[in-house]
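Undergrad: The lines below spell out each chain.
Number of protein chains: 2
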Amino acid sequence: MAKHFQRELATIKRMILSLGALVEERVRMAIVAIENRDADMARQIIKLDYEIDEMEVEVEEQCLKVLALHQPVAVDLRFLVAVIKINNELERIGDEAVNIAHRISVLAKRKSLDLFFDYSGMAEKVQRMLKMSLDALVELDETLAFQVLAMDDEVDELKSSAYDRIKSAMSEKSDAIGYLINLLLISRHLERLADHATNIAEEVIYLIEGEIIRHGKYPIPDKLRR
Amino acid sequence: MAKHFQRELATIKRMILSLGALVEERVRMAIVAIENRDADMARQIIKLDYEIDEMEVEVEEQCLKVLALHQPVAVDLRFLVAVIKINNELERIGDEAVNIAHRISVLAKRKSLDLFFDYSGMAEKVQRMLKMSLDALVELDETLAFQVLAMDDEVDELKSSAYDRIKSAMSEKSDAIGYLINLLLISRHLERLADHATNIAEEVIYLIEGEIIRHGKYPIPDKLRR
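Residue numbers (our numbering), protein chains in the order written: chain A, 1 to 226; chain B, 1 to 226.
Rather than coming from a laboratory, the hints here were simulated on the basis of the structure. Positions of the beta carbon are idealized from the N, C-alpha and C atoms, including for glycine.
Here are the simulated distance ranges between beta carbons:
id, chain 1, residue 1, chain 2, residue 2, range
1, B, R14, A, K111, 55 to 63 Å
2, B, D164, A, S160, 21 to 29 Å
3, B, E51, A, K13, 31 to 39 Å
4, A, A2, B, T11, 30 to 38 Å
5, B, R110, A, R14, 50 to 58 Å
6, A, E209, B, E154, 42 to 50 Å
Example chain A residues on the side facing chain B (calculated, C-beta under 7 Å, incomplete):
id, residue
7, A68
8, L77
9, K167
10, M170
11, S171
12, S174
13, G178
Straight-line Cα separation of at most 20 Å, PhoX-like style, residue types lysine-lysine; simulated pairs:
id, chain 1, residue 1, chain 2, residue 2
14, A, K65, B, K85
15, B, K173, A, K173
16, B, K85, B, K131
17, A, K167, B, K109
18, A, K85, B, K65
19, B, K173, A, K167
20, B, K167, A, K173
21, B, K85, A, K85
Just chain A, same shape as in the assembly:
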């Protein structure tokens, strides 16, 4: 029975990591689509989102099944509840990739215009946060999870610079308002991706520490501050 349970847990871990890999791939596509203002790739992201949705449902059903069948306690119970919540975050990351894709279809019509902001730098940071939060889950690596928390503030600052740049471009280019609104929204979707990665990292820390650190009340260790 205990062996059977361990096998089920290993399956769930594999499932959530597959979903994580799929979501990472979709974010990667969204970032390439921003850089190239590639409407075809954007359409692909929208078309394939059902895959993420289906996997999310499967992961949750599997967790409920294992909870009902094996009635785990302590760390195993906490792990399963963390997976249910992380699963939810991953599905929403997929939704943000879709949101970005919708914005790109507008940008693609005016490829001659500038991006007014270094999206690749922001995107690269967000992508690293997502990867690190998933690695933190697999390795149960608390240090890595805390690093993700620290990076979230950096992404917030990048979002503010994007806001300033685009706002001033709007005052000058009244013929490109739709284009610029969509650029602004992309910076906000990227920032939301970072928020979801942060939520995952917080769940991992909670899982390790057994303490709820959400809502910024947990002090970030000095060694992780920059």
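Please arrange chain B on chain A, whose structure you already have, making use of the hints.
TA: The following block gives chain B in isolation, referenced to the frame of chain A:
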């Protein structure tokens, strides 16, 4: 033991409803603050958000305690998992109220300007969705929950009208770009509030039907279509 368990479930139900009431109150404040461009009320919303955060942590801890202690199965297990997820949605609704509050501090500086869009109509609908989704949870009323799903499309349409209005205002008023961006973002925060209410309604339906209806694959009954 069974009696003790029923008492614990009743406590959790009471806790999630208290959190729901608090979140409803905070959304109400945000809506009044939009209408009056009231920076003081906006500051209150931001200052009091910790109350929602604390209650969210308490609800989750209570659910984990009951799961570990009583190892419920079937409908009780599903109920507790639904509460953990709805709890999360409620906390994020609180965050959206805070997001709106941040936008209002910008609007308050230019009270002489128009709102360019009927925010009260959109806000009233969103508020009703939130109330209905919580009522659906208390009463386990599936019809009510389906009505929330149908209203979400209406809110999406309102968001699009807001976009059109504000976009054209931006082309004309290049001196009010910051103000207009913040108006645009408010319409998006309201739409996100509606999304969270929809997520709650979907959890309630899942709880009743034992089927995952997320991702729009569940047909909405004809009687609920408008």
